[in-house]
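*Asks:* So the sequence lines, in the order shown, correspond to chains Z and L. So the first sequence is numbered by my numbering: it starts at 82 and just counts up by one. So the second sequence is numbered by my numbering: it starts at 82 and just counts up by one.
Some clues are possibly wrong.
Stated by the list, open to error - Here are some, though not all, of the chain Z residues that point toward chain L, as calculated from beta-carbon distances under 7 Å:
no. : residue
1   : PRO181
2   : GLN231
3   : VAL269
4   : ARG275
To be verified - So the derived label-pair ranges between C-beta atoms look like this:
no. : chain 1 : residue 1 : chain 2 : residue 2 : range
5   : L       : ARG104    : Z       : ASP238    : 26 to 34 Å
6   : L       : GLU243    : Z       : ARG202    : 30 to 38 Å
7   : L       : LEU198    : Z       : ASP238    : 50 to 58 Å
8   : L       : ARG104    : Z       : ASP161    : 53 to 61 Å
9   : Z       : LEU171    : L       : GLY120    : 50 to 58 Å
10  : Z       : SER255    : L       : LEU198    : 33 to 41 Å
11  : L       : GLU243    : Z       : LEU198    : 35 to 43 Å
These are calculated hints, taken from the structure and not from any lab test. All residues carry an ideal CB built from backbone N, CA and C; glycine is no exception.
Number of protein chains: 2
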Amino acid sequence: MRLGILISGRGSNFEAIANAIARRKLDAEIAIVITNRAGSPGLDIARERGIPVRIIASQGLEREAYDKLLVEELQTHDVDLVCLAGFMRLLSAHFVRAFPNRVLNIHPSLLPSFPGLDAQRQALEHGVKITGCTVHFVDEFLDSGPILIQAAVPVLDDDTVETLSARILAQEHSIYSTAIQYLVEDRVTIEGRRVRIREDERP
Amino acid sequence: MRLGILISGRGSNFEAIANAIARRKLDAEIAIVITNRAGSPGLDIARERGIPVRIIASQGLEREAYDKLLVEELQTHDVDLVCLAGFMRLLSAHFVRAFPNRVLNIHPSLLPSFPGLDAQRQALEHGVKITGCTVHFVDEFLDSGPILIQAAVPVLDDDTVETLSARILAQEHSIYSTAIQYLVEDRVTIEGRRVRIREDERP
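Using the sequences and the hints, build the whole thing.
*Replies:* Written out as structure tokens, the structure is:
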């Protein structure tokens with residue numbers, strides 16, 4: 082399976098996916114890393130690993146026009162699955178239709194709680210005792226779409242945004258590759274909003 | 082600590098609290114069980130255990146008028162802490178002010194996800210992979226108020242509302258008594274929406 086990864090910043094989830102592939106925990110290949118920001122630190126990580134990168138600046142472009150550039154670039158690289166890793170733009174219906182049930186995102190909360198920006202801060206300010214992270218299929222709405230996998234993370238009394246974010250990030254790095262591997266093994270079925278993962282039938 | 086428990090139906094969380102007291106896991110006493118429905122099965126459970134019960138029918142009464150009757154009855158029994166256990170009415174600000182930070186509720190979801198009725202069905206239909214239950218302080222809004230404790234519960238691919246509800250209920254029965262015991266031991270501080278539990282200092 083050929084992955085196209087979209088980042089806007091560090092893309093630490095991109096790096097975790099690359100590591101899972103290197104450790105043969107994930108049978109996939111990163112075909113292209115695309116960022117909408119020229120200065121994304123994730124670009125250097127990709128280049129060091131010999132992964133093709135492309136900067137497609139979003140400034141000044143309408144969403145649909147931008148998304149067409151993205152789709153073209155992803156299709157040029159024969160991408161089967163698009164993985165958002167800290168990509169800070171909402172995707173248009175045009176984009177989503179180009180990759181039906183083939184776009185994933187990871188979000189640092191147990192959705193539907195705390196969608197949008199600063200999910201960890203939202204969780205702390207709401208005073209929840211358990212938060213987590215979610216890998217979900219992407220539709221044209223924010224942090225919506227059927228949920229593939231979630232991990233729970235405790236909130237501690239003395240947590241700051243930084244300590245809580247770090248604890249959640251460790252889980253993100255684990256579940257994103259697991260979710261992609263489910264798709265690689267063709268074990269995923271979607272019925273409405275419910276996503277089922279067939280049992281692993283390997284011996 | 083003298084507890085007043087409000088139920089509308091079976092009140093299985095009331096029974097779990099009574100069991101925790103009997104097993105000396107909870108240093109409290111149930112002063113009164115009040116229901117707004119004459120046929121509540123929980124009444125028989127209370128009577129069998131020799132716990133005082135009172136039926137205060139809500140039909141035909143304005144919320145504030147009804148809540149005044151509740152407050153009177155609870156104060157007559159010197160109640161320190163009010164525990165809602167499947168009590169199907171929203172409480173007025175009058176009630177909440179009569180027991181400041183002394184009214185608890187348990188809800189079968191990881192709030193703020195899935196407030197209101199049928200939280201387990203909401204979770205299944207949304208397709209979350211993790212849900213749970215929440216003990217929170219009660220304010221005059223629905224399933225709002227600072228959170229004392231939460232427990233996470235996995236959602237399985239073949240879950241029905243019944244199987245998921247049963248798995249959540251087992252956790253409810255555990256965390257409600259734990260939350261009450263935190264208050265008995267005076268270990269709880271509330272800062273805005275964040276509730277902190279001091280370390281247990283017993284040897």
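*Asks:* Each hint needs a verdict: does it hold in this structure or not?
*Replies:* Status of the hints after comparison with the structure:
Against a cut-off of 7 Å between C-beta atoms, the interface hint on PRO181(Z) is violated, since the closest Cβ of chain L lies about 17 Å away. The restraint placing GLN231(Z) at the interface with chain L holds, with a minimum CB-CB distance near 4 Å, inside the 7 Å limit. Residue-level restraint check for VAL269(Z) is violated (minimum Cβ-Cβ distance to chain L is 11 Å; threshold 7 Å). A distance limit of 7 Å between C-beta atoms decides the matter here; for ARG275(Z) the minimum to chain L is near 4 Å, and the interface restraint holds.
A hinted range of 26 to 34 Å holds for the C-beta pair ARG104(L) and ASP238(Z), which are about 27 Å apart. Look at GLU243(L) against ARG202(Z): about 37 Å separates their beta carbons, and that is inside 30 to 38 Å. At roughly 32 Å, the beta-carbon separation of LEU198(L) and ASP238(Z) lies outside the given 50 to 58 Å, and the hint is violated. At roughly 56 Å, the beta carbons of ARG104(L) and ASP161(Z) sit within the given window of 53 to 61 Å.
Between LEU171(Z) and GLY120(L) the CB atoms are about 51 Å apart, so this pair conforms to the stated range of 50 to 58 Å. The hinted window of 33 to 41 Å between SER255(Z) and LEU198(L) holds, with their beta carbons roughly 35 Å apart. Our hint of 35 to 43 Å for GLU243(L) and LEU198(Z) holds, since their Cβ atoms are close to 38 Å apart.
Violated hints, in rising order: 1, 3 and 7; the structure is consistent with all others.
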